[in-house]
Structures are given as C-alpha cells and as structure tokens.
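For the record, in the sequence shown the residue sitting at position 56 is 56 according to this note's numbering, with numbers rising by one throughout.
Rather than coming from a laboratory, the hints here were simulated on the basis of the structure. One should not assume that every hint holds.
As the list claims (entries may be wrong) - The calculated DSBU-like cross-link candidates involving lysine-lysine, where the alpha carbons are at most 30 Å apart (straight line), are: (1) 112 <-> 37; (2) 141 <-> 96; (3) 70 <-> 134; (4) 37 <-> 141; (5) 157 <-> 77; (6) 77 <-> 89; (7) 112 <-> 157; (8) 96 <-> 171; (9) 96 <-> 157; (10) 89 <-> 171; (11) 174 <-> 141; (12) 134 <-> 37; (13) 157 <-> 82; (14) 144 <-> 82; (15) 114 <-> 174; (16) 141 <-> 157; (17) 114 <-> 89; (18) 77 <-> 171; (19) 70 <-> 37.
Stated by the list, open to error - Each pair of labels, with its calculated beta carbon distance range: (20) 114 <-> 20: 41 to 51 Å; (21) 20 <-> 43: 25 to 35 Å; (22) 68 <-> 119: 23 to 33 Å; (23) 163 <-> 57: 23 to 33 Å; (24) 93 <-> 173: 17 to 27 Å; (25) 165 <-> 60: 21 to 31 Å; (26) 90 <-> 40: 17 to 27 Å; (27) 77 <-> 26: 32 to 42 Å.
Think of the CB as a built atom: it goes at the ideal place given N, C-alpha and C, for glycine as much as any other residue.
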Amino acid sequence: MKKITLLLFIFCATQVFSQSLTTLKGSAMRDAMAACKATLEQDFETLLTYTHPNILKAAGGADVMVEFLKSTFDQMKAEGFKFEIAQTKSVSDVVKEQGEYRCYVENYNVMKMKDMRIFSTSYMIGFYNETTKKWTFVEAKEMKNTGSVATYFPNFKTEMNIPENTMEMKKINKE
1 MKKITLLLFI FCATQVFSQS LTTLKGSAMR DAMAACKATL EQDFETLLTY THPNILKAAG
61 GADVMVEFLK STFDQMKAEG FKFEIAQTKS VSDVVKEQGE YRCYVENYNV MKMKDMRIFS
121 TSYMIGFYNE TTKKWTFVEA KEMKNTGSVA TYFPNFKTEM NIPENTMEMK KINKE
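Construct the entire structure; sequences and hints are all you get.
Pasting the structure below:
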C-alpha cells in the first residue's frame, strides 16, 4: 500500500509540475506576442514593461528608454524604415535555471528599408517574474559572452540550446 501511495504522490506531483510549466509556456507566448504588438504599434511604454529590469536600469530607466526609442524610430522612419511584421512564432519549453524560470522565444520580423525588405528570425530569452506573473525578455544574442548586455547579468548561465538569428535582405522590385 505504501508503494502505491508513493507512486500516486509522484505521479500527481509530476502532473502538477508539468501543468505548471505548460501554463508558464502559455503565458510566455502571451507576453511575447504583446511585446511584438507593442513594437508594431510603436507603443514603447508597453514594450518596456516586457523588457528585463536589468536592461531598463542600465539604460537609465524606462523614461530614458522611451525617449531613446521614439527618437530612434522617428529617425529610421524618416530614412524609409518600416516594420511590416513582428510576430512570435514559438516558445521553447520552460526550464528552471539558477533559481528562475526561463525560456526562449522565436520572433519573425519583416522590415522595409528604402528599396530593401529585410526578413529576420531572432530569439529572445524570457525570464519569468513570479511576483508580477509576467515575462520579461532580452535579446538572446546579446546575452552571449560577447554581447553588449551580458555584463548586466552577472554569472548568467544557461543550458538552453538557443538557435542563432538569421537575416535575409531582398531588393524590392518596382513595377
């Protein structure tokens, strides 16, 4: 009887844990999609709520980042830049590393710059905040040893196998 009780306990515990990771994966997709939508709509205030706090702190705060993003996007728009598509394609399985839940997110973007169309697939690392029940994200390529934000995450390590970003540029045919 003790063996059956133990097996039932283990089964129930793994089901609850598995269900929890499935729920976290769903919320990661929700939050990544919201960040993409904010990017397309140039709603920088909302976008920054999905940006990891270490990045905001390093930049001098959300207000500074909003002004920087507005001026950067205005300048790019004046030069013919336009986001056409920003969407979340997938979310990896959620893992618990270094005491926090993490995943990576695959985003697909199509941008237009003058007479060129840029197609890119990029990856973000998601960090789950258990207090706010919200995911925040950082560009995965920037978290590598040579990345510009790796220094804001001391002792960061991951076992996740995050794919490399891809980018393709095509000349727009004028007819």
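What's the verdict on residue 141 and residue 96, does the C-alpha distance respect the 30 Å limit or exceed it?
20 Å, holds
Notebook entry, point to check: Do the beta carbons of residue 77 and residue 26 sit within 32 to 42 Å of each other?
Noted result: Given a distance of about 34 Å, which is inside 32 to 42 Å, the answer is holds.
**Proposed proximity, residue 157 with residue 96 (alpha carbon, max 30 Å)** = 12 Å, holds
Q) Between residue 134 and residue 37, does the CA-CA distance stay at or below 30 Å? A) 16 Å, holds
query: Does the alpha-carbon distance linking residue 37 and residue 141 stay inside the 30 Å limit?
result: At roughly 21 Å apart (the allowed maximum being 30 Å), residue 141 and residue 37 satisfy the hint.
Check your understanding: Regarding the pair residue 144 and residue 82, is the alpha-carbon distance no greater than 30 Å?
Key -> 28 Å, holds
Assessment of proposed distance window 21 to 31 Å (beta carbons of residue 165, residue 60) | 26 Å, holds
- Message: Hinted pair, alpha-carbon criterion (30 Å max): residue 70, residue 37. Please report holds or violated.
- Response: Roughly 16 Å separates the two Cα atoms, so the pair holds.
Checklist entry - Quick one, are residue 89 and residue 171 close enough, alpha carbons at most 30 Å? => result Distance ~25 Å between residue 89 and residue 171 Cα, so the pair holds.
Point to revise | Satisfaction of hint between residue 157 and residue 141, Cα-Cα up to 30 Å | key: Roughly 13 Å separates the two Cα atoms, so the pair holds.
| query | Are residue 112 and residue 157 close enough, with their CA atoms no more than 30 Å apart? | reply | 35 Å, violated
- Query: Does the hinted range 17 to 27 Å hold for residue 93 and residue 173 at CB?
  - Reply: 41 Å, violated
Comparing the model with each earlier hint shows violations of hints 5, 7, 8, 11, 13, 24; every other hint is respected.
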